[in-house]
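K.L.:
Listed in order, the protein sequences are those of chains A and B. Under the working numbering, the final residue of the first sequence carries the number 304; numbering is consecutive throughout. Under the working numbering, the final residue of the second sequence carries the number 325; numbering is consecutive throughout.
Where hints are given, some of them may not hold.
Stated by the list, open to error - Simulated pairs of lysine-lysine, DSS-like, Cα-Cα distance not exceeding 30 Å: (1) B:K120 / B:K70; (2) B:K314 / A:K271; (3) B:K314 / B:K203; (4) A:K181 / B:K120.
What the hints contain is simulated information worked out from the structure, not anything from laboratory work.
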Amino acid sequence: MSRQLENTLYSLSCDYQSNCDPDSYEVVVVENSSDDCLSKSFVSELSGQFRYYLRNEESSSPVPAVNFAFEKCRGSFIGLIIDGARMLSPRVIEHALMAYNASNNAVAMVPGYHIGTQEQHLHSENYTFEQDQQLLDSILWQTNGYRLFEISTFSNGNRRGFLQPMMECSCVFAAHASYEKIGFADHRFMLAGGGAINLHIYRSLGMLKDSRLFVLAGEGSFHQFHGGATTSHDEQRENLMAQFMEQLNECWPDGFQALRREPILLGSISKEANSALSNSCEFAKTRFERLEANNKPIWPDDNA
Amino acid sequence: MRSIIQRLFTTNNVRPKLSIVLIVYRMPEQARKTLYSLSMAYQQGVTADEYEVIVVENSSPEIMGDEYLKELDGNFRYFYREETVPTPLPAISYGADLCIGQYISIMIDGARMATPGLIKNIIAATGLCKMPVIAAPGYHLGDQLQQQASEAGYNRVQEQELLDSIAWPNDGYRLFEISCFSGSCRAGFFLPNSESNCLTVSKEVWQTLGGIEQGFTTTGGGLANLDLYKRACELPGATLITLASEGTFHQFHGGATTGGKRGKEREDLMQAQLDQYISLRGSPFKQPEVNPLLLGQFHPATYPFLEQSIETAKQTHRIRTNNGS
Chain A
1 MSRQLENTLY SLSCDYQSNC DPDSYEVVVV ENSSDDCLSK SFVSELSGQF RYYLRNEESS
61 SPVPAVNFAF EKCRGSFIGL IIDGARMLSP RVIEHALMAY NASNNAVAMV PGYHIGTQEQ
121 HLHSENYTFE QDQQLLDSIL WQTNGYRLFE ISTFSNGNRR GFLQPMMECS CVFAAHASYE
181 KIGFADHRFM LAGGGAINLH IYRSLGMLKD SRLFVLAGEG SFHQFHGGAT TSHDEQRENL
241 MAQFMEQLNE CWPDGFQALR REPILLGSIS KEANSALSNS CEFAKTRFER LEANNKPIWP
301 DDNA
Chain B
1 MRSIIQRLFT TNNVRPKLSI VLIVYRMPEQ ARKTLYSLSM AYQQGVTADE YEVIVVENSS
61 PEIMGDEYLK ELDGNFRYFY REETVPTPLP AISYGADLCI GQYISIMIDG ARMATPGLIK
121 NIIAATGLCK MPVIAAPGYH LGDQLQQQAS EAGYNRVQEQ ELLDSIAWPN DGYRLFEISC
181 FSGSCRAGFF LPNSESNCLT VSKEVWQTLG GIEQGFTTTG GGLANLDLYK RACELPGATL
241 ITLASEGTFH QFHGGATTGG KRGKEREDLM QAQLDQYISL RGSPFKQPEV NPLLLGQFHP
301 ATYPFLEQSI ETAKQTHRIR TNNGS
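Work out the full structure, taking the sequences as your base and the hints as a guide.
P.N.:
Here's what the structure looks like:
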């Protein structure tokens, strides 16, 4: 996914991220070898502290690469983006660091979006990255990254917005100590694409006793089409998803659930992100009315 | 006095993070509710040694006194002052001088009850950035602004019925169910407002600002609170943080601009306040042009205000786009 990765890395660079000191963060890029690797010169030309590692990986899971990356990180607060095709909005770093300033136990999650008018696995089999790229070109995202909201839709992991439980986070920040407590990336997740490792990590971090869940409401991670294991149109997708969920449920004896912990919203809402917030509010109202009618708690994981 | 208390706190190593200055004048019943809403019995997720409340009461025919404070759980200190001017501004300066917290919250009007997460979230916000200016939005109890409602007969009896209808203080967030945005906060959560009736800055910022402007001499302090908010927001390096899911809720008490004066008398007072602002600052008051940072957990009772805020922001952006700004 070299083209997609270039966009993602630019979105992490100091030229794009706003209001943060270049010395306050580093980006550790771990690439598993493939026939479409990033050009080495690209990373060296980015502004910011980037370190690039190319690994030979025999499995089709990113989990070994994730744990390799954890070993390389020098920061005490770590943002994990398992899928290199996820571009960020411009104040992710600033607001993630704010969450960490507020609490050492912060779990700062960036809501996920898919570029396009629907989730990418729903596109026809003829959909291509070039079509994504045309959308990106149409908004000149490098000059105003918030316009990514204009061409995107919620990802499946948070398809009802960010004011209710979310299944997954494709860009999550937590203290190194918190990752250590959950055993970093669980080595059992060796299915294609790591299976449901993302869901497992997010819920594991969120369920740590003292975790404080911050949702960076005005920011987003935006998935570019790249033929990923679960984000492409594929007749085998349902079978694959079933395998993923089976493995996930084995890890959670009571069955896997979205993280039902009350989120603390943190961020600045740009005009482009207004609709995402508005939709989140609509979904949250519906959920609240349903739970209230059934006399059920809204955030049961807060007391788990 | 200040040095003795400061020594006491430092000896115990529990200097509070936050000092709240609350001004009371001729509103004993309302102030008691406000004080309860600031007590440990009501506030959630905070410990008693994290904050203190300094109550400054100006002399009036209706004195609250300090008896009620003895019943409350928390660090309350009470000061009674003989006051000859019709403004709370000297009382604010007096209270601010007594603060020993690292941060100071100004509640200019003792009739403003708080939500249960107010103090917890103020303290959380202090850690977000170098120079936070933390604002809790303001609301009026009732479905319309009290200066309008009072014209139609709104009074303390009706207000108590409203509070009883939500079984206050059992769940303080239900205050949202019986309230509307204050006029100065009608821009909502995502745009700058004109003031906050619970504004928090560090002691250093308070000193940099020179405290609250004492030149506002009209009844009730005129636009001093708006001026304080604006000056704080516009300090270089400051970040306005709006505690969107918390708030202060104004109880009817016959305040200078919130129902105590009506019709022409109120209009004249408002005009005098606006004129005085111009004479002090050289131009009419205009809300600060800053982009607020949002912090908070959204209780379901806040959803209507969230929707309203989104809609207001959308309309404002549309207007700006149409105007090419």
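K.L.:
Hints first: check each against the structure and report whether it holds.
P.N.:
Hints versus structure:
Among the hinted pairs, B:K120 with B:K70 is consistent with the structure: their alpha-carbon atoms are about 23 Å apart, no more than 30 Å. Restraint check for B:K314 and A:K271: satisfied, since their Cα atoms lie roughly 7 Å apart, inside the 30 Å limit. Distance restraint check for B:K314 and B:K203: the Cα-Cα separation of roughly 36 Å exceeds the 30 Å cut-off, and the hinted pair is therefore not satisfied. For a cut-off of 30 Å, the pair hint linking A:K181 to B:K120 stands: about 26 Å separates their Cα positions.
In summary, the structure is inconsistent with hint 3 from the numbered list given earlier, while agreeing with all the others.
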